[in-house]
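K.L.:
Could you put together the complete structure from these sequences and hints?
Protein chains in written order, with numbering that gives the first Met the number 0: chain S, 0 to 247; chain Y, 0 to 184.
Keep in mind that the hints are not guaranteed to be accurate.
Stated by the list, open to error - When the alpha-carbon atoms are kept at most 30 angstroms apart in a straight line, the in silico DSS-like pairs for lysine-lysine are as follows:
(1) S:K103 to Y:K123
(2) Y:K59 to S:K222
(3) S:K3 to Y:K117
(4) Y:K165 to Y:K117
(5) S:K222 to S:K85
(6) S:K95 to S:K64
(7) S:K42 to S:K79
(8) Y:K96 to S:K222
(9) S:K200 to Y:K63
(10) Y:K103 to S:K3
(11) S:K132 to S:K95
(12) S:K79 to S:K95
(13) Y:K59 to S:K200
(14) S:K3 to Y:K123
(15) Y:K59 to S:K28
(16) S:K176 to S:K160
(17) S:K103 to S:K64
(18) S:K85 to Y:K103
(19) Y:K100 to S:K194
(20) Y:K89 to S:K222
(21) Y:K77 to Y:K67
(22) Y:K117 to S:K103
(23) Y:K58 to S:K42
(24) Y:K76 to S:K28
(25) Y:K165 to S:K10
(26) S:K103 to S:K85
(27) S:K3 to Y:K172
(28) Y:K76 to S:K106
(29) S:K85 to S:K75
(30) Y:K59 to S:K85
(31) Y:K165 to S:K42
Claimed, not checked - If you want the footprint, here are the derived chain S segments under chain Y, 3+ residues with CB under 8 angstroms:
(32) 30-42
(33) 219-232
Said to hold, decoys possible - Computed footprint of chain S on chain Y, listed as stretches where at least three residues anywhere in the stretch have a Cβ under 8 angstroms from a Cβ of chain S:
(34) 50-62
(35) 96-109
For the record, the hints were derived by calculation from the structure and aren't laboratory data. In this text, a Cβ means the ideal position worked out from N, Cα and C, and glycines have one as well.
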Amino acid sequence: MSPKAAGLAVKWGFKNVKVYMDGEPGWKKAGYYTESTADYIQKENIVLIDLRDPQTIAKTGYIPKAVNIPMKDLSKAEEKFPTYTKAPIVIYSDKKEDLAEAVKIIKDFGYPNVTVYSGGLQEWAAKGLEVKKGPIPTQIHYVRTYRPFEVSIADFEKALKDGSAVIVDVRTPEEFKRGHFKGAINISVDDIPQKAHTLPKDKPIYVHCATGVRAEMGYNALKNLGFENVKVLMANVEFVGDKYTITE
Amino acid sequence: MMELFRLRSMRALLLFLILTLLQSALWVTSTMAQEQSIKGQVSAVAVTIQTITVDHAGKKINIKYDDKTVFQHIDPKKIREIQGQEVEVKYVVVDGKNIAKLIKLAIAELPQGVTEIKTSELAKLVFESPGTYVLIDSRPAPRYHASYIPTAISIPVTVMEKEGEKTLANIAKDKLVIFYCGGPT
Numbered sequence: 000m001s002p003k004a005a006g007l008a009v010k011w012g013f014k015n016v017k018v019y020m021d022g023e024p025g026w027k028k029a030g031y032y033t034e035s036t037a038d039y040i041q042k043e044n045i046v047l048i049d050l051r052d053p054q055t056i057a058k059t060g061y062i063p064k065a066v067n068i069p070m071k072d073l074s075k076a077e078e079k080f081p082t083y084t085k086a087p088i089v090i091y092s093d094k095k096e097d098l099a100e101a102v103k104i105i106k107d108f109g110y111p112n113v114t115v116y117s118g119g120l121q122e123w124a125a126k127g128l129e130v131k132k133g134p135i136p137t138q139i140h141y142v143r144t145y146r147p148f149e150v151s152i153a154d155f156e157k158a159l160k161d162g163s164a165v166i167v168d169v170r171t172p173e174e175f176k177r178g179h180f181k182g183a184i185n186i187s188v189d190d191i192p193q194k195a196h197t198l199p200k201d202k203p204i205y206v207h208c209a210t211g212v213r214a215e216m217g218y219n220a221l222k223n224l225g226f227e228n229v230k231v232l233m234a235n236v237e238f239v240g241d242k243y244t245i246t247e
Numbered sequence: 000m001m002e003l004f005r006l007r008s009m010r011a012l013l014l015f016l017i018l019t020l021l022q023s024a025l026w027v028t029s030t031m032a033q034e035q036s037i038k039g040q041v042s043a044v045a046v047t048i049q050t051i052t053v054d055h056a057g058k059k060i061n062i063k064y065d066d067k068t069v070f071q072h073i074d075p076k077k078i079r080e081i082q083g084q085e086v087e088v089k090y091v092v093v094d095g096k097n098i099a100k101l102i103k104l105a106i107a108e109l110p111q112g113v114t115e116i117k118t119s120e121l122a123k124l125v126f127e128s129p130g131t132y133v134l135i136d137s138r139p140a141p142r143y144h145a146s147y148i149p150t151a152i153s154i155p156v157t158v159m160e161k162e163g164e165k166t167l168a169n170i171a172k173d174k175l176v177i178f179y180c181g182g183p184t
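P.N.:
And the structure:
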């Protein structure tokens, strides 16, 4: 995309054109933070963290849906973070110098999708956007949005109990032998082209693996074979003895 | 005499049938083994089953790689890193499975008159000399809103193509203009 854009700029007479080939992923990989826009904060299902002191927030108000975790408490606040580690998290502060450090702390907790709103409340208010007054929440309540092809953990567990869907385990036969859901059908991703025709077509199919990666591949393969009523469990699945755990 | 003739013609017919069958079988295997070539973005990598998913023409296609797969611009040991990148894949279909012969990372050539800027150099500009350059995010707008490099503005390449020169009209022609997107494509 960017080399093409640079080519156009040269064509239009720009004399000093460069391309940053590593792009946004390369910037993050080098350890620098990236930013999100006010538009994104308003529209998307995110966790918004206000890092300022409670006293300051009481005076100025805060950005709607923000949760207060003061910078000085952040490194001890890991248990406040959502169970879903891919949750998008945006932070803001009145001290720009805190932002890089805060991003690093949150990334180290295991949340890679953390960005900053560097303009903070000041820029937000200057845009004429709503500023909330009153007590700010201090607990994060994040309810993850499922994409249309994903089955929620709750619906998946319901199907395990009442058999309302066919559970397809796309892990290898060896993994399946070590532990699996009762009633699950084992067809590894590799075997789907040959064995998919054996699957019942009168019920929805829920595909799972150990993490969600292969499950999505299994979903793709089934879709490409013409299966319509298929969903994926994007979650970590573990079997210990005859017990299982499903975590986000 | 008649009997013998019939036997002979039956034999000939049988031979003919067998040959035709063999031929069609050969034709089927040859079409199945015919190499396909696609370009697209890698949306998933599963090292455990040596499979990548390539988004191509609105479909997500699983393709397996093995010891015989040729990798270009990719370190097979770091295959996870091609996630999100644009690749060209040549593969054959064997027993319903797509087996990669070649996986090549698409590296776009820089147009004439354009040079590359590295992370350290860009970081220096971003943190020390704001205002001396214009940093443009060429990705689709939603990607920009979610996560952009500090000081960048959003002008998707599709908008530049559609609306032409006026998209950069308020930038001086001798200003340093830096473009980036989601990787080396």
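K.L.:
Taking the earlier hints as the rules, which of them does this structure contradict?
P.N.:
none
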